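Colleague: Each chain is listed here by its residues.
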Amino acid sequence: NAGVTQTPKFRVLKTGQSMTLLCAQDMNHEYMYWYRQDPGMGLRLIHYSVGEGTTAKGEVPDGYNVSRLKKQNFLLGLESAAPSQTSVYFCASSYRSGKNEQFFGPGTRLTVL
Amino acid sequence: GESVGLHLPTLSVQEGDNSIINCAYSNSASDYFIWYKQESGKGPQFIIDIRSNMDKRQGQRVTVLLNKTVKHLSLQIAATQPGDSAVYFCAARNSNDYKLSFGAGTTVTVRA
Numbered sequence: 000n001a002g003v004t005q006t007p008k009f010r011v012l013k014t015g016q017s018m019t020l021l022c023a024q025d026m027n028h029e030y031m032y033w034y035r036q037d038p039g040m041g042l043r044l045i046h047y048s049v050g051e052g053t054t055a056k057g058e059v060p061d062g063y064n065v066s067r068l069k070k071q072n073f074l075l076g077l078e079s080a081a082p083s084q085t086s087v088y089f090c091a092s093s094y095r096s097g098k099n100e101q102f103f104g105p106g107t108r109l110t111v112l
Numbered sequence: 452g453e454s455v456g457l458h459l460p461t462l463s464v465q466e467g468d469n470s471i472i473n474c475a476y477s478n479s480a481s482d483y484f485i486w487y488k489q490e491s492g493k494g495p496q497f498i499i500d501i502r503s504n505m506d507k508r509q510g511q512r513v514t515v516l517l518n519k520t521v522k523h524l525s526l527q528i529a530a531t532q533p534g535d536s537a538v539y540f541c542a543a544r545n546s547n548d549y550k551l552s553f554g555a556g557t558t559v560t561v562r563a
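So the protein lines, in turn, are chains A and B.
According to the working numbering, the first sequence is numbered sequentially starting from 0.
According to the working numbering, the second sequence is numbered sequentially starting from 452.
Read the hints as simulated data drawn from the structure, not as lab findings.
Misleading hints may appear alongside valid ones.
In silico lysine-lysine, DSSO-like type, Cα no more than 30 Å apart, as pairs [said to hold, decoys possible]:
{"no.": "1", "chain 1": "A", "residue 1": "K8", "chain 2": "A", "residue 2": "K70"}
{"no.": "2", "chain 1": "A", "residue 1": "K8", "chain 2": "B", "residue 2": "K550"}
{"no.": "3", "chain 1": "A", "residue 1": "K69", "chain 2": "B", "residue 2": "K519"}
{"no.": "4", "chain 1": "A", "residue 1": "K8", "chain 2": "B", "residue 2": "K507"}
Just a sample of chain B residues kept apart from chain A, beta carbon distances all over 10 Å, derived [as the list claims (entries may be wrong)]:
{"no.": "5", "residue": "S479"}
{"no.": "6", "residue": "G492"}
{"no.": "7", "residue": "Q509"}
{"no.": "8", "residue": "L551"}
{"no.": "9", "residue": "A555"}
Source: prediction; values computed, not measured.
Don't be surprised by glycine CBs; every beta carbon is placed ideally from N, CA and C.
Let's have the full structure, built from the sequences with the hints guiding it.
Modeller: As structure tokens, this is what we get:
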């Protein structure tokens, strides 16, 4: 099993550009999450999904949108990138019965100029 | 919401010694406390969790202690190895919530 995969691994955007980060998991997990990680601030939840077709806002949702059209995929969109969105983005997934144990992808390093 | 914080941002440990990583939390209503390990260039990895009705839980070479009186938890790593060099995060969760609240992380460096 590949676990949780993320594409792309690196990306550089100019202010105002848009992009989509793709997360895929092959563990049949019900829950999926998007986090951002900034130096000295730990992981902050952007959006999450408890099932196909459902999404919810996390701690820092502004400037991001998500979609979960298929159970195994969770997409994170940046509508109009800003320098403040420069960060490392992690996707994670978990079983409904095991919410403490989240399985993380390798991350996407995004730089917005 | 929950606020979790770590006491020290860095910890240097001699190989073979025991490591103790500390974490404080603010919300006494949290039901679960969790430790994650993040190696350089990788995503975080679950280590161990403990429910709020427990004081201690042991895993493979790791022990988590929970002191609800002072809202403090710690992760003890026995016989620290070079592969234990990583950033360690504590997190908290309420049982009726899906979300984890993470602390800022402690960077553990193992000296040979």
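Colleague: Minimum Cβ separation between S479 of chain B and chain A greater than 10 Å?
Modeller: At roughly 18 Å from the nearest Cβ of chain A, S479 of chain B sits farther out than 10 Å, so the non-interface label holds.
Colleague: Tell me if the straight-line CA distance from K8 of chain A to K70 of chain A falls inside 30 Å.
Modeller: Measuring from Cα to Cα gives roughly 22 Å; hence the hint holds.
Colleague: Hey, is L551 of chain B genuinely clear of chain A, shortest beta carbon separation above 10 Å?
Modeller: 7 Å, violated
Colleague: Does K507 of chain B sit within 30 Å of K8 of chain A, going by the straight-line distance between their CA atoms?
Modeller: Between K8 of chain A and K507 of chain B the Cα gap is close to 38 Å, so the pair fails against 30 Å, i.e. violated.
Colleague: Classify the label on Q509 of chain B as holds or violated, using whether its beta-carbon is more than 10 Å from each beta-carbon of chain A.
Modeller: 16 Å, holds
Colleague: Going straight from one Cα to the other, do K8 of chain A and K550 of chain B come out at no more than 30 Å?
Modeller: 25 Å, holds
Colleague: Once the closest CB in chain A is found, is it more than 10 Å from A555 of chain B?
Modeller: 5 Å, violated
Colleague: Quick one: work out the minimum CB distance from G492 of chain B to chain A and report holds if it exceeds 10 Å, violated otherwise.
Modeller: With a cut-off of 10 Å, G492 of chain B comes too close to chain A, as the shortest Cβ separation is near 8 Å.
Colleague: Please work out if K69 of chain A and K519 of chain B have their alpha carbons no farther apart than 30 Å.
Modeller: Violated - the C-alpha atoms of K519 of chain B and K69 of chain A are around 41 Å apart, more than 30 Å.
Hint check: violations occur at hints 3, 4, 6, 8 and 9; the rest are consistent with the structure.
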